[in-house]
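Line by line, the protein sequences are chains A and B. Using UniProt numbering, you'd call the opening residue of the first sequence number 1 and step up by one each time. Using UniProt numbering, you'd call the opening residue of the second sequence number 1 and step up by one each time.
Hints may contain errors.
Copies of one chain are not kept apart here, so a pair can be met inside one copy or by any two copies together.
Below 25 Å or equal to it, Euclidean Cα-Cα: the simulated SDA-like pairs (lysine to any residue) are [said to hold, decoys possible]:
no., residue 1, residue 2
1, K367, E136
2, K367, N133
3, K128, W116
4, K128, D354
5, K269, V46
6, K227, A431
7, K269, A114
8, K128, L352
9, K367, Q235
10, K262, S161
11, K269, E50
12, K128, A114
13, K269, S60
14, K262, V135
15, K227, R32
16, K128, P102
17, K227, P102
18, K128, Y357
19, K269, A54
20, K128, A356
21, K269, S69
22, K269, R51
23, K227, E387
24, K269, V53
25, K367, V135
26, K128, T429
27, K269, R59
These are computed hints drawn from the structure, not numbers from a lab.
There are 2 protein chains.
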Amino acid sequence: MARGQTAKVMDAVRAHIEGRSLAPGARLPSVRAEARASGVSVSTVVEAYERLVAEGLIRSRPGSGFYVSASAAPLMLKAVAPRWDRAIDPFWISRQSLEAAPGTSMPGCGWLPAEWMFEGGLRRALRKVARGNAVELADYGSPLGLEPLRALLARRLLALSIPAATDRIMLTESGTQAIDLVCRLLIEPGDAVLVDDPCYFNFHALLRAHRARIVGVPYGPDGPDTKAMETIIAQERPRLYITNSAIHNPTGATLSPATAHKVLSLADKARMTIVEDDIFGDFEQEPATRLAALDGLDRVICIGSFSKSVSASVRCGYVAARPDWLDGLIDMKIATSFGGGRMAAALLYETLSDGAYRRHMEEVRRKLGRAMDRTIARLERLGFTAELRPRAGMFVWCRLPQGADAGHVAAQCLGDGVVLAPGNAFSLTGAASQFMRFNVAQCGDDSIFASLERALR
Amino acid sequence: MARGQTAKVMDAVRAHIEGRSLAPGARLPSVRAEARASGVSVSTVVEAYERLVAEGLIRSRPGSGFYVSASAAPLMLKAVAPRWDRAIDPFWISRQSLEAAPGTSMPGCGWLPAEWMFEGGLRRALRKVARGNAVELADYGSPLGLEPLRALLARRLLALSIPAATDRIMLTESGTQAIDLVCRLLIEPGDAVLVDDPCYFNFHALLRAHRARIVGVPYGPDGPDTKAMETIIAQERPRLYITNSAIHNPTGATLSPATAHKVLSLADKARMTIVEDDIFGDFEQEPATRLAALDGLDRVICIGSFSKSVSASVRCGYVAARPDWLDGLIDMKIATSFGGGRMAAALLYETLSDGAYRRHMEEVRRKLGRAMDRTIARLERLGFTAELRPRAGMFVWCRLPQGADAGHVAAQCLGDGVVLAPGNAFSLTGAASQFMRFNVAQCGDDSIFASLERALR
Chain A
1 MARGQTAKVM DAVRAHIEGR SLAPGARLPS VRAEARASGV SVSTVVEAYE RLVAEGLIRS
61 RPGSGFYVSA SAAPLMLKAV APRWDRAIDP FWISRQSLEA APGTSMPGCG WLPAEWMFEG
121 GLRRALRKVA RGNAVELADY GSPLGLEPLR ALLARRLLAL SIPAATDRIM LTESGTQAID
181 LVCRLLIEPG DAVLVDDPCY FNFHALLRAH RARIVGVPYG PDGPDTKAME TIIAQERPRL
241 YITNSAIHNP TGATLSPATA HKVLSLADKA RMTIVEDDIF GDFEQEPATR LAALDGLDRV
301 ICIGSFSKSV SASVRCGYVA ARPDWLDGLI DMKIATSFGG GRMAAALLYE TLSDGAYRRH
361 MEEVRRKLGR AMDRTIARLE RLGFTAELRP RAGMFVWCRL PQGADAGHVA AQCLGDGVVL
421 APGNAFSLTG AASQFMRFNV AQCGDDSIFA SLERALR
Chain B
1 MARGQTAKVM DAVRAHIEGR SLAPGARLPS VRAEARASGV SVSTVVEAYE RLVAEGLIRS
61 RPGSGFYVSA SAAPLMLKAV APRWDRAIDP FWISRQSLEA APGTSMPGCG WLPAEWMFEG
121 GLRRALRKVA RGNAVELADY GSPLGLEPLR ALLARRLLAL SIPAATDRIM LTESGTQAID
181 LVCRLLIEPG DAVLVDDPCY FNFHALLRAH RARIVGVPYG PDGPDTKAME TIIAQERPRL
241 YITNSAIHNP TGATLSPATA HKVLSLADKA RMTIVEDDIF GDFEQEPATR LAALDGLDRV
301 ICIGSFSKSV SASVRCGYVA ARPDWLDGLI DMKIATSFGG GRMAAALLYE TLSDGAYRRH
361 MEEVRRKLGR AMDRTIARLE RLGFTAELRP RAGMFVWCRL PQGADAGHVA AQCLGDGVVL
421 APGNAFSLTG AASQFMRFNV AQCGDDSIFA SLERALR
């Protein structure tokens, strides 16, 4: 009898780990809490936990509790392939999109179709670099990265009133790597980190890799709910808040100046660092308030890349931060990826300093505006409601018709070769099960709406 | 009086943290041990530690002890610049080499001069990719990475009897990132990891970032000292052993088949995973035994890149591992760097499938052989002794003339614009203070030997 109950507790823990609701590094409920929740005795839970320790699936830390082993997840995962039955987790959209067969429709993916990107500029840049000097072609980059590109980024940031001098900018392999390095420097396992709810799903995946405690702050049309943020800060004492500037992913909302000011005041009082991800900056029609501009790049760390506007194939991002943090970031970059990608930086520099880039982005913004109107209209005909009409960008965040579950619809459409972005991939609270993010640049195909209509029936 | 003693303990801890002998995440000596070592009372140490906790420099983990805060180091580091007074630590050589002004002599650096690299092949590759399709230019790579490059790597590995099918290989941004991802998946803070003593200094830097307990195994002319390894495994129960195959960095030694077999037997018994870094494979005259070949890529994870032979500017590495680990590695890659560098993979594929690459490497090996003989002869004239004459590669590991300290000589030569590689950067035990690594491809300049001669006087 007791043996059966022990096995039941063990199975439940295993299921949580496989389903990733307990990520590697996560702390298990205390023995007492688990006993209460499962309606078994404390000694049954102790036995179950101890057997799972023996299996290597969890670990005990004396005085601290039980944690999911780092090695637990990979040993239990299945073979590599797009999987329809994959739970809606922070990897759902990225894996389905990145692993999609050619020809798959991807209204849920987070980037423009290849033919919308700055193809001509990139071809010119490749030919120019092909004639460049041997050092550019063959050597490691300097720790901060290619100086002319950093100078160009400094000028662009200054235009947004962000005082990032050339030597306060470090190039990285990607915007994601920039956030990762900041987390490696500033976060300890178990630290609380605030994110928007909903937010870009990969913030969740990244923070799980750091074993941070992820806490969501409701995000509205003007930015985060600062009342809620104040309460959460008092409770959780977060070390970091990670957010988007310019155009919020997934909601398409824009941070208002008043909210920005309030967020900074809260951060100052709580001595909380903010990472402002500016990846959609070039999609704005009018530049919105940047936290880093109000703050003078003191408590705010600014990161970005051009994966959405120039090329996702050429990997290069940046981080702008206080000078006294840069040395630590450099060491961390060297330790974990050694020299930076000089070639990628050179290609990006040639592309961004090409006068045609500005005209290219004007055209992209025009096309996105048209696609936005068209997509919202088509979705409304199916019963979707756009939460707000974004001022710019490629995303619109929609409520599904009454009663429809985004996860079910996404799973069904996947069967038709349509990759969607169900709301709960963006929300840890599961509050977004009635929502979906649509990329209007990827919604040109009639079959998407036909598939949605079938799934909604 | 007690107040003065408290301050003294605090200063000593601060100095250790600044000098990086206590890295972020490192555990401080226990209160009792510190009291004994400093000759003060236990309560004095308790007070000192508690004040440092209040300063945010260290953290207490109940039941576990005191640890250096992750945020301690960056807040204390100086501005970014090459520093002569930098302590010889795992970053010494990388920072001095990567930050060197143009024209600096770098006999201590770990790569070939730019003009020795496969420049022509890379120019051809750039022009070819410039004519390629839009997806290649603009889109994210797939999670595993460009299939034709993985197929090419699979064939190369098979030629070394390593059974890495195309779908058992994942591309990464660099060889370093490949090891980093493996560590993120398999290592928990505090886990013991074996490295060779001496070993590539960046293994130390990387493992510190993971807060691993780093344990060195003496490395001799045939590979690691397996007697010592057996004892250390029994004591430390390491999770991982990270080593070079083919040509050992820094000693230039080659793993013998008998040692390889013995290492694998020990690893099997202890259920220890091995990371085999094959980065110098293409420099071998005759391929040496690979651990992954004996093991069938089960317990051994094979990683590599072409930063040393094709280009360090184009970032692309790989990891070949058991299929059941790949899914976890993919998730970790997406979480921390999102899509792979499709462009870098395309450039590397074009370069490696260029028939001229084989002839290029033959020429590099010939040049290295001549440079090896010439450099050893010149060093011997100054009183250096090569520990062994490497069969291939760019490194020779030399003992300094009687009584000379490699750290002092390196600091002095840095004043002449010569970046050397002092032994203790490769050894955590400090046992290599009489040794230096020389890169024979970077030793063509007479001024290097003049500077060494002056420093040795």
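A quick look at each hint next to the structure:
no., hint, in the structure
1, K367 x E136, "between (36 Å within a copy, 22 Å between copies)"
2, K367 x N133, "between (38 Å within a copy, 22 Å between copies)"
3, K128 x W116, "both (22 Å within a copy, 21 Å between copies)"
4, K128 x D354, "both (11 Å within a copy, 21 Å between copies)"
5, K269 x V46, "neither (42 Å within a copy, 29 Å between copies)"
6, K227 x A431, "within (19 Å within a copy, 58 Å between copies)"
7, K269 x A114, "neither (44 Å within a copy, 50 Å between copies)"
8, K128 x L352, "both (13 Å within a copy, 22 Å between copies)"
9, K367 x Q235, "neither (44 Å within a copy, 65 Å between copies)"
10, K262 x S161, "within (19 Å within a copy, 62 Å between copies)"
11, K269 x E50, "between (43 Å within a copy, 23 Å between copies)"
12, K128 x A114, "both (21 Å within a copy, 18 Å between copies)"
13, K269 x S60, "between (36 Å within a copy, 24 Å between copies)"
14, K262 x V135, "neither (48 Å within a copy, 42 Å between copies)"
15, K227 x R32, "neither (33 Å within a copy, 47 Å between copies)"
16, K128 x P102, "between (30 Å within a copy, 22 Å between copies)"
17, K227 x P102, "neither (46 Å within a copy, 54 Å between copies)"
18, K128 x Y357, "both (16 Å within a copy, 23 Å between copies)"
19, K269 x A54, "between (45 Å within a copy, 17 Å between copies)"
20, K128 x A356, "both (15 Å within a copy, 23 Å between copies)"
21, K269 x S69, "between (35 Å within a copy, 21 Å between copies)"
22, K269 x R51, "between (45 Å within a copy, 22 Å between copies)"
23, K227 x E387, "within (21 Å within a copy, 67 Å between copies)"
24, K269 x V53, "between (41 Å within a copy, 20 Å between copies)"
25, K367 x V135, "between (39 Å within a copy, 19 Å between copies)"
26, K128 x T429, "neither (49 Å within a copy, 48 Å between copies)"
27, K269 x R59, "between (36 Å within a copy, 21 Å between copies)"
Violated hints, listed in ascending order, are 5, 7, 9, 14, 15, 17, 26; each of the other numbered hints is respected by the structure.
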